[in-house]
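Peer 1: The primary structure of each chain is shown beneath.
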Amino acid sequence: MSATILIVASLLTAQGNAYTETFTRANDHYKTGDYSGAIQAFEQLVSEQAFHAAVFYNLGNAYYRAGKLAPAIANYERALQLDPGFDSARQNLAHCVSETQQRLARPLPPDWEQSLLFWHYHLPSSVTRWLALAFWLAFWITLAIRQFRPARYVQGVAAVTAILALAFGASAWAKSSTGTLAVAADEAVPVRYGTDLNQTVRFELHEGDRVTVDRRERGWARVKTAGGETGWTPDSSLIFVGPPYEPTTPKSAQDPPQSGNTK
Amino acid sequence: MVTRSFLSALAVLAACSAWGEPAIRVSVEQTTVRANNPFGLKVEITGGRSEAPKISDADGLAIEPVPVQRSNQLSIVNGAMSQSQTLIYKATATRPGKVIIPPITARVDGKEISSMPIDLTVLEGKATAPIPRAQQPVRQEAVQDSDAAANAAAPDRTPTPEDAVLVTAEVDKQSVYQGEAVQLTLSRWVLSGVQASPYRSADPGYPDTEGFYTTELEPRQEDRTRGNWPYHLLQLTQKLYPTRTGQLNIGSWQFNGEALMRTSSGRLLRQEYALATDPIAITVKPLPPQPPNFSGAVGTFTFRQSMTAPAPKTAIQGVPFKLSLEVQGDGNPDSIGEPKLPPIAGATVSKADTVAPPNVDSSTGIVTKEFIYTITPLESGKLTIPPIEFCYFDPATERYATQVVGPFDMDARPSAEQAGAAIVTKEIPVTHGKVNITGKDILPNVDAPPSLRPYRPSAVVNITAGVVPALAYAGLAFMMARRRRFEHDSAYARSYFAKSNAHKRLLAVAQAAEPAEELCRAVTGFVADKFNVASAGLTSSDLRQLLETKKTGSELTESIVKIVKACERARYAAVKLSDDEIKALTNAADTAMNKLESVAKDAKV
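Quick note, the sequences are listed as chains A and B, same order. Numbering follows the working numbering, in which position 67 of the first sequence is assigned residue number 69; successive positions increment by one, without gaps. Numbering follows the working numbering, in which position 470 of the second sequence is assigned residue number 1142; successive positions increment by one, without gaps.
Simulated from the structure, these hints should not be mistaken for lab results. For every residue, glycine included, the Cβ atom is placed at its ideal position computed from N, Cα and C. Any given hint could be a false lead.
[Stated by the list, open to error] Below 30 Å or equal to it, Euclidean Cα-Cα: the simulated DSSO-like pairs (lysine-lysine) are:
no., chain 1, residue 1, chain 2, residue 2
1, B, 1012, A, 226
2, A, 226, B, 985
3, B, 1176, A, 226
4, A, 226, B, 994
[Stated by the list, open to error] Listed below are several chain B residues computed to face chain A (Cβ distance under 8 Å; list not exhaustive):
no., residue
5, 868
6, 881
7, 1115
8, 1118
9, 1120
10, 1136
11, 1142
12, 1145
13, 1152
[Stated by the list, open to error] Per the computed footprint, the stretches of chain A lying under chain B, defined by three or more beta-carbons under 8 Å from a beta-carbon of chain B, are:
no., stretch
14, 21-28
15, 182-190
16, 228-238
So here's chain A without its partners, still in its complex pose (with noise of 0.2 Å):
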């Protein structure tokens, strides 16, 4: 048994001496002004699911020295995704966003659910679950503890822990459920009225416009700006933030998709 562990332990070592190989001959290629190698290591460890917010803001660095906004804004929202506290990713993000045509806002959830819920939108994604578990573990330990003592302010206390464990256990899973948030990944995406190429079109994205996406149905997006303007495109013309998260390799010289009747 230990010497499984043993192997184990030493296996995921390697692996992750690996990653920091990666990691670092990455950043060499971006030093030395080679941003498309820096991205395809990068890219290589996110293929690999080695994904860490420094991951994601070093490539979205990259593909921002190389002249892809939208990637690089899909990558930064996905730093701020695992590490809503990295400021260096926002203030790269918020950059990038300046450079977009429109520049247009994040689709936010109302002011008033951001505070409500003011753990779920501040705290990074692993410290959520790790919350979660501790939460969980007091809550069974406190009701063990009830067994011994019974006292009124031992069962309040498996209470508030009960709640505090379902609350950022909700928080976990919808953070690792999959993002709604999308990038415009051409300099423009024309938004139309329904899952068709000649319906009309109701307005027009730009590289780097943020949106996020509801439905989704047969290579077409339904997006909805901050604004509240929705429509359908092709999901080839859009970058998807994640999770789960993908190589950013805009898809725009795809085929586009067949046609619909869906309004």
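We have chain A already, so just place chain B on it with the hints.
Peer 2: Just chain B, lined up with the frame of chain A:
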């Protein structure tokens, strides 16, 4: 004095078709008319294909050479086919006195035929004031004259097949500006009781209107009296917007079909019709020199605005909101251009997005066109949308008119995102909360983090983390519950621990000074614990009674009683039990206690 000079056309027609001879007949509704009052002059040509008759003015009589109504009829009566053409001309007597309508000549199938002259008595005409231009009816041709002719019909005249189906076309004006609306009304009158249906399709269609942008209004059907006869009227209306200047023509509107009607003798008559209205010429004038802000709209319009901002007069920096400008009026929807939105300081404005297609009211033809602009405030603070103009040409006043909405003052609040950015960029000065002032360049890369590991959320780990504490707590809770029961339920505790206590006593029997007594205490103690009775003074007969009460079985009862009796005898006997006897009794007691344990467990004693 009114004299009836209108002969029975039906009889003539029937006679002509029977004989197959061409004939021409000229008639007027009244032979006494007033000077300068137009009246209808009806020319009927039967018996073959005819050319247009030669119409010429006479002394005291002016006849317009172009008929105001023309109808062709093809009828089959008892298998015999006949063709007839009816034309109505506008005639006006120019002086009082006796006036003669001269013979009218027509060529039918190459044969020239002439009508008989008609004497008219012309009375002095009533003096009429000149009609001012603005009130003057713009359209005179087809309907007015045909109406005049129809209204002049004698009330007691029997309607003829020519009266059964009529078509008219009228416009509300014949001289318009380019883009100005012309209303074309097409009417099909079918005499009540007559069943008329067009050939091929029930759709009456519209005339050729090349050079016009057209919109169709909702067709109207109603019953109406015309010339004292009841008709069913189908009215089609089109709004025509001339797209070029000069002379434009509205083509003739046709009705090709048949009608079924009853004659005065009660016979069913099937009449074929080939009716057509005359083309209508429209003169289209060019617009006066246009001002620079002219939108292209011609007509009368209203101009409104609405906004979809987050709150009234409030916007959020970086968050777009919509400004909707609505133009409503009677103009050509295609030519209504977007209002020119002036630049807005501190905000970007998108190109106008038109709600397509423009809404056209089907009963009035009023067009509503909406232009939507997306405005994104770049800075927080006061945001002013300058006045927005909409310039159009009003044909009623023959001038360009401009309507204005705004200006609008709004308050642009700082965005939540920008607030966040301002917090994290303490070293970079933030002025006016503008979006693009976060620094000249991005911040550099970070080094490799120490905890760079693959992100593999494990279901096993998650389930373990979630379930193990719950299971551990369940075990603890069970243990604590049993402990509490031992504390509060002595019968349960004695019964639960009876066997272990008895087993300890049995082990001590061999080393005891009085093994028989110790064995007896072990057995009676076990039974007493098991059934929660006092063990002191418990004899073999007490045990028998107790076990029989508890229905443990006669065999088991006997074996336990025997063991206890053997111990009782040994206690008072002179010779003590040997070690083998003690061992045998101990084994028997162990077996009996095991049996009693299982029996008590099964019976839940």
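Peer 1: For each hint, tell me whether it holds in the structure or not.
Peer 2: Hint-by-hint comparison with the structure:
At roughly 27 Å between alpha-carbon atoms, residue 1012 of chain B and residue 226 of chain A fall within 30 Å of each other, so this suggested pair holds. Between residue 226 of chain A and residue 985 of chain B the CA atoms are separated by roughly 23 Å; this keeps the pair inside 30 Å, and the hint holds. Straight-line distance between C-alpha atoms of residue 1176 of chain B and residue 226 of chain A comes to about 80 Å, which puts the hinted pair past the 30 Å bound. Distance hint between residue 226 of chain A and residue 994 of chain B is fulfilled; the C-alpha atoms sit about 14 Å from each other, no more than 30 Å.
This hint is violated: residue 868 of chain B has a C-beta 42 Å from the nearest C-beta of chain A, more than the 8 Å allowed. Taken as an interface hint, residue 881 of chain B does not check out: its beta carbon lies about 27 Å from the nearest beta carbon of chain A, beyond 8 Å. Of the supplied interface hints, the one on residue 1115 of chain B holds, with its beta-carbon coming within about 4 Å of a beta-carbon of chain A, less than 8 Å. Contact between residue 1118 of chain B and chain A, as hinted, is supported at the beta carbon level, the nearest pair being about 5 Å apart and thus within 8 Å.
With 8 Å as the threshold, the beta carbon of residue 1120 of chain B comes within range of chain A, its nearest partner Cβ sitting at about 4 Å, so the hint holds. Look at residue 1136 of chain B: its Cβ only gets to about 11 Å from chain A, farther than 8 Å, so that hint breaks. A cut of 8 Å between beta carbons decides the hint on residue 1142 of chain B: the least distance to chain A is about 6 Å, and the hint holds. Here the hint on residue 1145 of chain B is kept, as its CB sits about 5 Å from the closest CB of chain A, short of 8 Å.
Residue-level restraint check for residue 1152 of chain B holds (minimum Cβ-Cβ distance to chain A is 5 Å; threshold 8 Å). Here's how the stretch 21-28 of chain A fares: 4 of its residues keep a CB closer than 8 Å to some CB of chain B, so the rule of at least three is met and the hint holds. Against chain B, the stretch 182-190 of chain A contributes 0 residues with a C-beta closer than 8 Å to a partner C-beta. That does not satisfy the three-residue criterion, and the hint is violated. With 4 residues having a Cβ less than 8 Å from any Cβ of chain B, the stretch 228-238 of chain A passes the three-residue criterion, so the hint holds.
Taken one by one, the earlier hints fail for this structure at numbers 3, 5, 6, 10, 15, listed in ascending order.
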